[in-house]
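Those protein sequences? They're chains U and V, same order as listed. Reminder that position 142 of the first sequence reads as 142 in the UniProt record's numbering, one-by-one numbering, no gaps. Reminder that position 104 of the second sequence reads as 104 in the UniProt record's numbering, one-by-one numbering, no gaps.
Derived from the structure by calculation, the hints contain no laboratory data. Keep in mind the model is a prediction, meaning the values are calculated, not measured. Where hints are given, some of them may not hold.
Output of the computed footprint for chain U on chain V, the stretches with three or more beta carbons under 8 Å from beta carbons of chain U [said to hold, decoys possible]:
no., segment
1, 198-204
2, 222-231
3, 235-243
4, 278-284
5, 305-311
Quick partial rundown of chain U residues pointing at chain V, CB under 7 Å, derived from the structure [unchecked claim]:
no., residue
6, Ala85
7, Thr202
8, Thr203
9, Gly232
10, Leu235
11, Asp273
12, Leu281
We treat Cβ as the ideally placed atom computed from N, Cα and C, and that holds for glycine.
Number of protein chains: 2
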Amino acid sequence: MPGALDLGLPARVPAPVPGDLPSRITIWEVGARDGLQNESAVVPVEVKLEFLDRLADAGLTTLEATSFVHPKWVPQLADAAELLAGLKKREGVRYPVLVPNERGLDRALAAGVEHIAIFGSATETFAGKNLNRTLDEQFAMFEPVVTRARAEGLDVRGYVSMCFGDPWEGPVAADQVVSVGKRLLDMGCSQLSLGDTIGVATTGQVDALLDGFIAAGTSLDALAVHFHDTYGQALANTVAALRRGVSTVDSSAGGLGGCPYAESATGNLATEDLVWALNGLGIETGADLGKLADTSAWMAQRLGRPSPSRVVQALRG
Amino acid sequence: MPGALDLGLPARVPAPVPGDLPSRITIWEVGARDGLQNESAVVPVEVKLEFLDRLADAGLTTLEATSFVHPKWVPQLADAAELLAGLKKREGVRYPVLVPNERGLDRALAAGVEHIAIFGSATETFAGKNLNRTLDEQFAMFEPVVTRARAEGLDVRGYVSMCFGDPWEGPVAADQVVSVGKRLLDMGCSQLSLGDTIGVATTGQVDALLDGFIAAGTSLDALAVHFHDTYGQALANTVAALRRGVSTVDSSAGGLGGCPYAESATGNLATEDLVWALNGLGIETGADLGKLADTSAWMAQRLGRPSPSRVVQALRG
Chain U
1 MPGALDLGLP ARVPAPVPGD LPSRITIWEV GARDGLQNES AVVPVEVKLE FLDRLADAGL
61 TTLEATSFVH PKWVPQLADA AELLAGLKKR EGVRYPVLVP NERGLDRALA AGVEHIAIFG
121 SATETFAGKN LNRTLDEQFA MFEPVVTRAR AEGLDVRGYV SMCFGDPWEG PVAADQVVSV
181 GKRLLDMGCS QLSLGDTIGV ATTGQVDALL DGFIAAGTSL DALAVHFHDT YGQALANTVA
241 ALRRGVSTVD SSAGGLGGCP YAESATGNLA TEDLVWALNG LGIETGADLG KLADTSAWMA
301 QRLGRPSPSR VVQALRG
Chain V
1 MPGALDLGLP ARVPAPVPGD LPSRITIWEV GARDGLQNES AVVPVEVKLE FLDRLADAGL
61 TTLEATSFVH PKWVPQLADA AELLAGLKKR EGVRYPVLVP NERGLDRALA AGVEHIAIFG
121 SATETFAGKN LNRTLDEQFA MFEPVVTRAR AEGLDVRGYV SMCFGDPWEG PVAADQVVSV
181 GKRLLDMGCS QLSLGDTIGV ATTGQVDALL DGFIAAGTSL DALAVHFHDT YGQALANTVA
241 ALRRGVSTVD SSAGGLGGCP YAESATGNLA TEDLVWALNG LGIETGADLG KLADTSAWMA
301 QRLGRPSPSR VVQALRG
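Chain U on its own, in the form it takes in the complex (with noise of 0.2 Å):
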């Protein structure tokens, strides 16, 4: 359609920042980890490589890169340190990658990673299932991999899984989720990211779990928001958080990933879908639309399948 890719983008629509919304965000794009890691057929790590410079070339300055997870348990993400070995690496872009414990930040600290995350759940549930761990255990295995990693000069991210609802125990209740990320930012996480790892959630529980942060008097530079759009709120729950204040979001090009615990689920916010919404707003981002939509195209094309993202869809469909 003449014309319809312009419409939404900032040199068309120079809209001013609404009073309640920060003026910038930082796109933590997850596609090349969260993204692919329930990929069945393995990407080779050059099609990987050529995603992550591409993702870079379109303006993102944070790409979670890879996983240190056992091969066992990610057979997607098993090449990790040939990826990190292989990996152009751009003046003011970060890559950070997933550590599950002390073995896997062995190996980050091998391969020279600056920035690792962590993957915490919320509940006691999806902690067994997840990590086979109580909550307790969870926070002893966390401890000596966030000390290292700081005492090596890393920054530590902590995942939030399962923040609004679990599969099996149901709606989560805010205050156990701020009890949760309290003491991963007490262990010394620099940054929570809230996960709707099943894509429950909706705006009013969003609002309500960043009300509590801020009442335990977290700070709001400490925290990102992780929805997936498994029953379509993605979107509308980002703009919530954004609206409380929240200036990092996670999203995938494309809107690849999914969870392994929920057959029919999504994937992540699609990156393109939250930049036209930001783009809309006046929100800079530095990224470029068109670029991310061809990525997010050309990834499409590798996995086989069209990418779930509506402007992906509208534009490149």
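Since the structure of chain U is provided, determine the placement of chain V on it from the hints.
Below, chain V without anything else, positioned relative to chain U:
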């Protein structure tokens, strides 16, 4: 996934409705008209009748049933009179129909319709493309329709299309839309449906347009919103409108629909994705999400392709 369906339902999440949101929303279901009108393969009238009956059974109370536009333009809805004659009307359910002009009104009156809608444009260019008229000529065409309909005791809704962006004109100024909307209200329309016909709007534009109407003295009860999900913004935009006090929302079961002027446009906001959001917020709609998803899965089978609704995909995919 066990338990996933229940997570967003009020029975398990009895969240209080946040203070800035309405406690009850009217869903204006457009699936049978806006949803089906662009389907190239004609859906048999019995299937449409079953669709409407199932939507009523799922608790929806406003079902836009069909359109009396000339069959040459929308062959899919050429069966309007037959459909209305076969309708099993339910107590407490409204069945409005679209009426493009006086000839359409004649047919609607002959069919015993009690509630009509007219479809106007916010922009000169789309008035020209869609109606072959200028904006002034558009009002001259609608005036006798609305006047006669009101004299016959009918309620009249006024659609305003291209409220945020137009494929030819680009972004549309809020003042322009307010001016068009006020003329339709002054003419005798009881409600405006503010449409993002090509799905390009973002939340700041929604705020700005509603603020424009509020500043012009329009009652919020006279405003509904109508978003297409072409760029993934429909639900976020709808939630923004709810926060401004709008309490009538257009949506389409299963996300059926699209805009004939946007080749790759996905459909309307999916009713199921909307209901998931409203259930989570504790906002009443009267809708039964399971029955809606069943209905949309059934219709998707008849149309031969999966529903674009994330909720339908997750629950019935």
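key: Numbers of the earlier hints that this structure fails to satisfy, in rising order   = 6
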